[in-house]
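Enquirer: Model the full assembly from the supplied sequences, consistent with the hints where possible.
One-letter residues, chain by chain:
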Amino acid sequence: MMTAGRLQQALSAALLAAAIGTPFMSAQAATINIHNGADPTSLDPHKLSGDWENRIAGDIFEGLVTEDPAAQPIAAQASAWTVSDDGLVYTFTLREGIQWSDGEPVTASDFVFALQRLMNPQTAAIYAYLQYPIKNAQAINTGELSDLNELGVKALDDRTLEITLERPTPYFIGALTHYTAYPLPQHVMAAVGEDWVKIDNIVTNGPYKPVDWVPGSHVTTVRHDGYYDAANVQIDGATFYVLEDESAALKRYRAGEFDVLTEFPTDQYEWMLENLPGQVQVAPFAGLYYYVINHNKPPFDKVDVRKALSMAINREVIGPQILGTGELPAYSWVPPGMANYDQPYMVDWKDMPYTEKLAEASRLLDGAGFNSSNPLKLQLRYNTNENHKRIAVAIAAMWKPLGVDVELYNTETKVHYDELQRGVLDVARAGWLADYNDADNFLNLLKSTVEHNYGRYNSPEFDSLLDQANASTNVQQRAQLLHAAEKKAMGDAAAIPIYYYLARNVVSPRVKGFVNNAFDIHRTRWLQLVD
Amino acid sequence: MLTYALRRLLTTIPVLWVAITACFFILRLAPGGPFDGERPLPDAIRQNLAAHYNLDRSLVEQYLIYLGKLLKGDLGPSFINQDFTVVEQLMIGLPYTLTVGGTAFLLSIVAGISAGILGYMYRNSFPDYLLGIVVLTGLVLPNFLLAPIFQLIFGLKLEWLPVGGWGGGAAVNIVLPVVVLALPHVARISRLTRASMIEVMHSHYIRTARSRGLSKASIIWRHALKPTLTPVVSYLGPAAGFLLTGSLVVETIFGLPGIGRYFINAALNRDYGMVLGTVIFYMILIVVLNLVVDVLYAWLDPRVRST
Chain A
1 MMTAGRLQQA LSAALLAAAI GTPFMSAQAA TINIHNGADP TSLDPHKLSG DWENRIAGDI
61 FEGLVTEDPA AQPIAAQASA WTVSDDGLVY TFTLREGIQW SDGEPVTASD FVFALQRLMN
121 PQTAAIYAYL QYPIKNAQAI NTGELSDLNE LGVKALDDRT LEITLERPTP YFIGALTHYT
181 AYPLPQHVMA AVGEDWVKID NIVTNGPYKP VDWVPGSHVT TVRHDGYYDA ANVQIDGATF
241 YVLEDESAAL KRYRAGEFDV LTEFPTDQYE WMLENLPGQV QVAPFAGLYY YVINHNKPPF
301 DKVDVRKALS MAINREVIGP QILGTGELPA YSWVPPGMAN YDQPYMVDWK DMPYTEKLAE
361 ASRLLDGAGF NSSNPLKLQL RYNTNENHKR IAVAIAAMWK PLGVDVELYN TETKVHYDEL
421 QRGVLDVARA GWLADYNDAD NFLNLLKSTV EHNYGRYNSP EFDSLLDQAN ASTNVQQRAQ
481 LLHAAEKKAM GDAAAIPIYY YLARNVVSPR VKGFVNNAFD IHRTRWLQLV D
Chain B
1 MLTYALRRLL TTIPVLWVAI TACFFILRLA PGGPFDGERP LPDAIRQNLA AHYNLDRSLV
61 EQYLIYLGKL LKGDLGPSFI NQDFTVVEQL MIGLPYTLTV GGTAFLLSIV AGISAGILGY
121 MYRNSFPDYL LGIVVLTGLV LPNFLLAPIF QLIFGLKLEW LPVGGWGGGA AVNIVLPVVV
181 LALPHVARIS RLTRASMIEV MHSHYIRTAR SRGLSKASII WRHALKPTLT PVVSYLGPAA
241 GFLLTGSLVV ETIFGLPGIG RYFINAALNR DYGMVLGTVI FYMILIVVLN LVVDVLYAWL
301 DPRVRST
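Residue numbers (my numbering), protein chains in the order written: chain A, 1 to 531; chain B, 1 to 307.
Hints are computed from structural coordinates only; laboratory data are not their basis. The reader is advised that the hints may include incorrect statements.
Sample of chain A residues at the chain B side, in silico, Cβ under 10 Å [stated by the list, open to error]:
no.: 1; residue: 42
no.: 2; residue: 123
no.: 3; residue: 135
no.: 4; residue: 138
no.: 5; residue: 230
no.: 6; residue: 231
no.: 7; residue: 234
no.: 8; residue: 241
no.: 9; residue: 248
no.: 10; residue: 415
no.: 11; residue: 450
By construction, the Cβ of each residue, glycine as well, lies at the ideal position given by its N, Cα and C atoms.
Expert: Structure follows, in structure tokens:
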């Protein structure tokens with residue numbers, strides 16, 4: 001029989017275990033273990049910039065709209081909205097009874113507060129520019145306007161939010177799914193200031209709330225019971241593991257320590273297809289891998305030289321043979337499947353047999369005065385990475401028959417992009433993943449006024465087509481203008497698209513409801529675990 | 001002894017200052033900044049960030065601001081883990097690193113010295129050769145190879161141990177990282193012990209002990225062990241420094257939240273505050289460890305004490 005003293009001991013031990021081990025105790029329940037790559041920079045949505053951070057942020061916070069299993073925008077904290085006829089004023093009605101994880105109601109002013117903070121230059125939000133379509137957002141963020149209340153976001157009452165835009169933006173609802181548009185707990189920030197984001201203070205409004213964060217190890221979340229759709233959230237909690245070593249992650253997946261891998265070592269792809277049947281999920285992703293060419297440096301200012309370099313790349317072998325995961329060859333600047341855009345413009349020589357492409361490229365380069373006796377010398381830059389290296393080596397070999405002498409030059413990522421930004425390059429590797437579901441997001445990379453137009457492609461016609469498109473209120477007409485802009489840029493061989501990215505996940509048969517999509521966004525809320 | 005220790009500690013302050021200064025300016029010479037990456041930032045955002053972290057001030061101003069904060073024990077913010085200051089990150093990571101590194105250190109000493117003595121006792125016979133092979137394996141296989149091999153064998157094939165993770169500090173989770181970390185040190189310590197013992201056992205006073213008819217075990221344990229350990233102890237200082245500062249490779253492969261990865265990652269990420277923080281931490285640790293080694297030396301070898 002247990003004595004009173006021992007009973008007390010046992011009880012306090014149990015209580016202690018419950019207090020310390022809540023996330024681990026419920027690990028016995030349906031919790032999912034997700035391999036998440038790098039350490040998140042922060043839990044503060046305004047400090048984020050990476051997809052691994054988005055995975056956590058989008059589980060614990062939620063905007064007016066959110067991503068469905070296929071990453072399409074659906075109503076979330078807002079239950080409905082109307083758009084004015086000129087496409088400038090959006091009026092959102094917040095869902096009834098939505099609350100923060102401490103039980104406080106989520107109000108329209110939480111959104112106003114968050115968007116004002118996002119644009120406040122003092123917040124130094126990396127991704128603030130994503131919400132620049134909002135009226136006066138850019139002016140406030142760049143310090144031209146100092147009154148935050150000038151921002152085009154108003155709370156008409158607790159449940160009605162009005163957002164006014166600079167100009168009609170067809171992708172605006174999509175942009176609102178982004179973490180830059182999440183509400184923030186004003187009441188907590190008023191009480192504890194910037195410490196609101198500490199794990200003991202943080203209050204969130206999404207389907208989950210964070211309960212544990214050990215930098216370098218993991219972030220753990222548990223279900224937020226006050227969430228409006230909590231009854232349909234099937235997984236009790238998630239642990240996002242920090243692990244940048246992909247082979248180690250694969251081993252841990254095989255040992256059952258992870259349920260989802262968000263990246264895998266590509267050289268193991270064949271092995272995985274055979275040994276983990278049905279678990280490898282490879283799907284087109286809204287992203288472009290490309291080479292930029294320096295338009296300010298002869299002879300790369302000649303369209304024939306750029307076109308020859310682009311044509312001579314045998315894109316068909318890069319995905320299947322060099323990368324081994326079957327990335328699709330890119331002949332357009334905008335990846336297929338972007339919203340409000342029918343079909344990207346494909347270069348007119350896309351379907352030419354490779355030998356003919358090579359002959360034509362050779363002819364073009366010869367016309368520009370380069371051939372095997374007078375080789376074109378160029379430096380090809382890439383940031384240090386096995387795959388970038390493989391592709392660069394292969395492309396250098398493809399250029400060789402044209403009489404192009406390639407010097408490969410690799411630096412670590414920070415140095416690479418620093419030099420690209422300063423225009424130190426002949427030809428260099430770059431990549432772009434869509435921020436929002438719109439062709440403009442890709443075409444913008446070639447605009448003369450944009451910093452990350454590394455090659456400094458400068459075409460007034462292209463710029464004007466983009467400006468016209470963005471001033472247009474007619475979706476159809478806008479798409480046509482964007483298409484014309486893409487055609488212009490591809491005709492000028494403004495840069496060299498190489499392949500469209502793939503989303504690469506490995507998903508355990510235990511996990512149901514995982515839908516491949518072009519944005520690689522899979523909120524835990526939509527998943528289920530079966531045993 | 002105490003004044004000696006204090007003096008040693010005080011002399012490190014100018015060294016520390018020089019190191020911090022050099023480190024501060026060298027870091028800024030490297031191209032690229034903490035916010036450069038795959039995704040370029042618009043100028044306005046770049047300026048906002050620079051202003052937020054004082055990066056828009058002159059270098060000298062930034063340096064003075066840094067030194068001023070440092071004197072108050074504030075190592076500043078980290079650019080990469082923004083919810084934690086540099087001090088907080090080091091404090092969170094340290095217990096993990098100390099647990100794994102400390103265990104590996106103890107294992108290295110116990111296993112290394114035991115293997116060395118065994119190797120001596122059975123020298124040039126089968127057990128010595130076997131130990132030699134094991135030890136050599138530990139020495140020549142780099143940890144980035146050994147760790148995945150162990151994961152494959154003990155985690156995936158035999159399923160005895162978890163492949164990785166901290167697992168709330170469960171003993172099974174730290175076995176593999178500890179062994180991987182310790183193995184090369186076990187190897188070196190056992191070789192040092194064996195060689196040193198052969199030398200010591202040939203010295204005159206051991207011959208004297210032997211001639212008095214003492215048993216072999218008693219000679220080794222009571223007379224030979226202490227002098228044998230002198231070269232081992234001088235190796236232990238750097239070994240402890242190495243183990244207690246964590247290991248990038250082991251932490252990355254096993255997914256452990258230690259501080260070893262900060263040193264390299266912070267430099268790659270241009271996380272200026274974090275790099276300086278780890279440099280300061282390492283320097284203090286190494287100075288303290290060297291001091292401990294000196295004190296141990298004095299205890300082990302009376303000749304050091306008299307000088």
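Enquirer: All the hints need checking, so say for each whether the structure fits it.
Expert: Going down the list of hints, with the structure as the test:
{"no.": "1", "hint": "42", "result": "holds, 4 Å"}
{"no.": "2", "hint": "123", "result": "holds, 8 Å"}
{"no.": "3", "hint": "135", "result": "violated, 17 Å"}
{"no.": "4", "hint": "138", "result": "holds, 8 Å"}
{"no.": "5", "hint": "230", "result": "violated, 26 Å"}
{"no.": "6", "hint": "231", "result": "violated, 31 Å"}
{"no.": "7", "hint": "234", "result": "violated, 24 Å"}
{"no.": "8", "hint": "241", "result": "holds, 6 Å"}
{"no.": "9", "hint": "248", "result": "holds, 5 Å"}
{"no.": "10", "hint": "415", "result": "holds, 5 Å"}
{"no.": "11", "hint": "450", "result": "holds, 8 Å"}
Checked against the numbered hints above, the structure breaks hints 3, 5, 6 and 7 and satisfies the rest.
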